[in-house]
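J.: Here's the letter readout for the chains.
Number of protein chains: 2
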Amino acid sequence: MASPASGTAVVGQAGGPTVVINQSLVGVIQETQKCSHIKRLLGARHGVRGIINEQFYDLMRQPNNMLELVAQTPAAALGSTRDKPDVAYCERIFDVFRKQDVRYFFYIGGNDSAQTAQVVNKLAADAKYELRVIHIPKTIDNDLLVTDHCPGYGSAAKFVASAFIGDDLDNRALKGVKINILMGRHAGFLTAASILARQRPDDGPHLVYLPERPFSIEQFCSDVERMYQQFGRCLVAISEGIADKEGIPWAQKVVVEMKKGAMEIDDHGNVPLSAGAGSLADYLCAMVKANCKSIKRLRADTYGYLQRSFPSCTSEVDAWEARLVGQMAVIYSLDADQDGSVALVRLPSTTYSVGTRLVALQEVAPERAPFTKAVPDDYINEAGNNVLNSFRDYAGPLVGELPKVGWFEQVSQKQVG
Amino acid sequence: MASPASGTAVVGQAGGPTVVINQSLVGVIQETQKCSHIKRLLGARHGVRGIINEQFYDLMRQPNNMLELVAQTPAAALGSTRDKPDVAYCERIFDVFRKQDVRYFFYIGGNDSAQTAQVVNKLAADAKYELRVIHIPKTIDNDLLVTDHCPGYGSAAKFVASAFIGDDLDNRALKGVKINILMGRHAGFLTAASILARQRPDDGPHLVYLPERPFSIEQFCSDVERMYQQFGRCLVAISEGIADKEGIPWAQKVVVEMKKGAMEIDDHGNVPLSAGAGSLADYLCAMVKANCKSIKRLRADTYGYLQRSFPSCTSEVDAWEARLVGQMAVIYSLDADQDGSVALVRLPSTTYSVGTRLVALQEVAPERAPFTKAVPDDYINEAGNNVLNSFRDYAGPLVGELPKVGWFEQVSQKQVG
Numbered sequence: 004m005a006s007p008a009s010g011t012a013v014v015g016q017a018g019g020p021t022v023v024i025n026q027s028l029v030g031v032i033q034e035t036q037k038c039s040h041i042k043r044l045l046g047a048r049h050g051v052r053g054i055i056n057e058q059f060y061d062l063m064r065q066p067n068n069m070l071e072l073v074a075q076t077p078a079a080a081l082g083s084t085r086d087k088p089d090v091a092y093c094e095r096i097f098d099v100f101r102k103q104d105v106r107y108f109f110y111i112g113g114n115d116s117a118q119t120a121q122v123v124n125k126l127a128a129d130a131k132y133e134l135r136v137i138h139i140p141k142t143i144d145n146d147l148l149v150t151d152h153c154p155g156y157g158s159a160a161k162f163v164a165s166a167f168i169g170d171d172l173d174n175r176a177l178k179g180v181k182i183n184i185l186m187g188r189h190a191g192f193l194t195a196a197s198i199l200a201r202q203r204p205d206d207g208p209h210l211v212y213l214p215e216r217p218f219s220i221e222q223f224c225s226d227v228e229r230m231y232q233q234f235g236r237c238l239v240a241i242s243e244g245i246a247d248k249e250g251i252p253w254a255q256k257v258v259v260e261m262k263k264g265a266m267e268i269d270d271h272g273n274v275p276l277s278a279g280a281g282s283l284a285d286y287l288c289a290m291v292k293a294n295c296k297s298i299k300r301l302r303a304d305t306y307g308y309l310q311r312s313f314p315s316c317t318s319e320v321d322a323w324e325a326r327l328v329g330q331m332a333v334i335y336s337l338d339a340d341q342d343g344s345v346a347l348v349r350l351p352s353t354t355y356s357v358g359t360r361l362v363a364l365q366e367v368a369p370e371r372a373p374f375t376k377a378v379p380d381d382y383i384n385e386a387g388n389n390v391l392n393s394f395r396d397y398a399g400p401l402v403g404e405l406p407k408v409g410w411f412e413q414v415s416q417k418q419v420g
Numbered sequence: 004m005a006s007p008a009s010g011t012a013v014v015g016q017a018g019g020p021t022v023v024i025n026q027s028l029v030g031v032i033q034e035t036q037k038c039s040h041i042k043r044l045l046g047a048r049h050g051v052r053g054i055i056n057e058q059f060y061d062l063m064r065q066p067n068n069m070l071e072l073v074a075q076t077p078a079a080a081l082g083s084t085r086d087k088p089d090v091a092y093c094e095r096i097f098d099v100f101r102k103q104d105v106r107y108f109f110y111i112g113g114n115d116s117a118q119t120a121q122v123v124n125k126l127a128a129d130a131k132y133e134l135r136v137i138h139i140p141k142t143i144d145n146d147l148l149v150t151d152h153c154p155g156y157g158s159a160a161k162f163v164a165s166a167f168i169g170d171d172l173d174n175r176a177l178k179g180v181k182i183n184i185l186m187g188r189h190a191g192f193l194t195a196a197s198i199l200a201r202q203r204p205d206d207g208p209h210l211v212y213l214p215e216r217p218f219s220i221e222q223f224c225s226d227v228e229r230m231y232q233q234f235g236r237c238l239v240a241i242s243e244g245i246a247d248k249e250g251i252p253w254a255q256k257v258v259v260e261m262k263k264g265a266m267e268i269d270d271h272g273n274v275p276l277s278a279g280a281g282s283l284a285d286y287l288c289a290m291v292k293a294n295c296k297s298i299k300r301l302r303a304d305t306y307g308y309l310q311r312s313f314p315s316c317t318s319e320v321d322a323w324e325a326r327l328v329g330q331m332a333v334i335y336s337l338d339a340d341q342d343g344s345v346a347l348v349r350l351p352s353t354t355y356s357v358g359t360r361l362v363a364l365q366e367v368a369p370e371r372a373p374f375t376k377a378v379p380d381d382y383i384n385e386a387g388n389n390v391l392n393s394f395r396d397y398a399g400p401l402v403g404e405l406p407k408v409g410w411f412e413q414v415s416q417k418q419v420g
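So the sequence lines, in the order shown, correspond to chains D and B. With the working numbering applied, the first sequence corresponds to residues 4 to 420, in that order. With the working numbering applied, the second sequence corresponds to residues 4 to 420, in that order.
Just so you know, not all the hints are guaranteed correct.
[Claimed, not checked] Beta-carbon label-pair distances, calculated as ranges:
| hint | chain 1 | residue 1 | chain 2 | residue 2 | range |
| --- | --- | --- | --- | --- | --- |
| 1 | B | M63 | D | N68 | 47 to 57 Å |
| 2 | D | G250 | B | V259 | 27 to 37 Å |
| 3 | D | R349 | B | Q255 | 49 to 59 Å |
| 4 | B | E57 | D | R349 | 49 to 59 Å |
| 5 | D | Q36 | B | E221 | 50 to 60 Å |
| 6 | D | G250 | B | K407 | 43 to 53 Å |
| 7 | D | P379 | B | E94 | 57 to 67 Å |
| 8 | B | Y355 | D | R300 | 37 to 47 Å |
| 9 | D | G250 | B | K256 | 52 to 62 Å |
I should point out that these hints are in silico values taken from the structure, not numbers from a laboratory. Given the structure is predicted, the values throughout are model-derived calculations rather than measurements. Ideal Cβ placement from N, Cα and C applies to all residues, glycine included.
Make the full structure from the sequences, and use the hints.
T.: Below is the structure:
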């Protein structure tokens, strides 16, 4: 094994933040402090954007009590970016790396970040410049390839499951139909986590729609009506990414409908695509109201950014694993003669436990589809309107303990009258 | 002082649930168990609806460990109702009370519930039937008259403030404009609580709009653009109840716009009023996009029902006070020769402390406006687009500790380059 190059390391954060992405960052910082091969650790402000602009934090000099506070803080403490560098952009990154004598690059992000890491890595290899590139996974969508699951997912899933516990109780207290739109454009893992809320046989969500299956308004209305007949109420979890059978997202279809109407708001008819989420919820409510005349009380919510940013609902396992992948990135940079992405491996065991391994960057950011992971078919029911209990075995340990609730057993009038 | 009548008590829950309304219920149950004047405690299922249908839980026989679990459970464990009884409905309630020998009625709810309590009380007085009626306040809106604040508000405010801490960090990480719509149709207390999230001078929310002031789209867009120029980003808190200067709610105006367009969804052109909330967020986003060309990244969320139902964000003070008002209702039923509503009184003290007093039902549910409390003028800035720091003194103690966050001090390129 070659001894590692001595020099500067850069760490950055990219993409949509999570509540544990700073755990990974602090994992990198603390592990770096223990290692002799990294002389200086620079934190790129707003990811690759901070690299090309040479805007860095000096992360070697931060006191440990402050680091622990940063670790438990949601969102990206270095700032994040949506920049998706092309080759020219990657060349600018590499130029700065040379100038600053950067020998290690730790990039915390999704598959776009793994892709960037890969391109920069290749530039360095072509130039025979010694550079180690380690990608550290994060995403609440849980859709990265290879890794068993992604840091960030467990906490977002805990938020969703907790929220559904409260929402189901609310829906019991004041009966009706409640529709919740959840994050997940292509993968339904976060929406599927709503089933962790179920404790009693009649607990919601009673229907769960993932982007992995085509969504039909007719089927949806008929499903809702059936559940409403059965339970006197109906709680629904729907991914924001649901699409029709041609693959056109419903959020987009609703925007198109809006464009036709009075919400056409500028000369070019531009309505932001993000406009779809809140309106999708309202649209689905309106559809149920129009098609299910027996249902009087209808509400819809879009959980939105709270799923990735709410500060007091972190999964302990998720926080620990996010720290772990950060630490392991530094350890791999020392020991292994390769670049790559840190993957979590679920170990065969009666109780939940994980290990990590370093996988090639192209496995996480391949040239050809599939680029991301979908919820496996095994977890989705045949009708495509629910998630099976087997999903609990997968997601439950990542979320950890959920709020405990109590209720009165039903007592008939005769018993008390 | 007359010795209290011996007999059955009924307790019920009404209106929108909160995360601590079951604390009040358990306060009533536990205190009743200590008192000899109440022989039997019936829990009305779904409030007054359960009374007229004679659907009750027997609450004397519930074990204490289960009661403690119920107390920490969000939403109404007895079920809630939106029924607003007229006199005929109240007569049916009174008929059941006579039939079941009910001598005590504890009703946990907002001002509608106080109104119902008042009518039933009068029926009993007219019939010379001995009935003690005690209203126990709850509402996340915090808009009940007389009481310093309402049980339920502190926890909802804690949810909002916590959410804004996370959302502000997210908005720092990926800069842009973020608009959050919060509950509160007529009173802006919950929206005002968003300012508790601020820790650093440039923390959001940067703009706060309450229903207590007219809302103009032009002024709003100009405010957002100015803040965006100043901070490079802008986080906004807006009450769902904002109205134009004629008093027409914007949520309703958006629905009207939708009706004109493609969302006209049934033969009668009915769109549910609740459709407005999610769409209002999207509409405001679209307006900013149309009017502020320099702003590229825009997002909006509607916090929705999570504000009143999220299970793991309860304010300790709020939980304690909700329990207290339930307990005190039973104690007042024993000691005082009057019916009424339990009010919280803030005591003059260097540290926060409260007492309770029983006030007349007509003070909480008066015949003439104002029927509810608004955010006092003193807390709103002159431009009507922000809440002053003095509001922290009022709301801070009700919310209690908020999540702690950490950050890196900014380091210039030169220092590290």
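J.: Enumerate the violated hints, using their earlier numbering and listing them in ascending order.
T.: When the structure is compared with the hints, only number 9 turns out to be violated.
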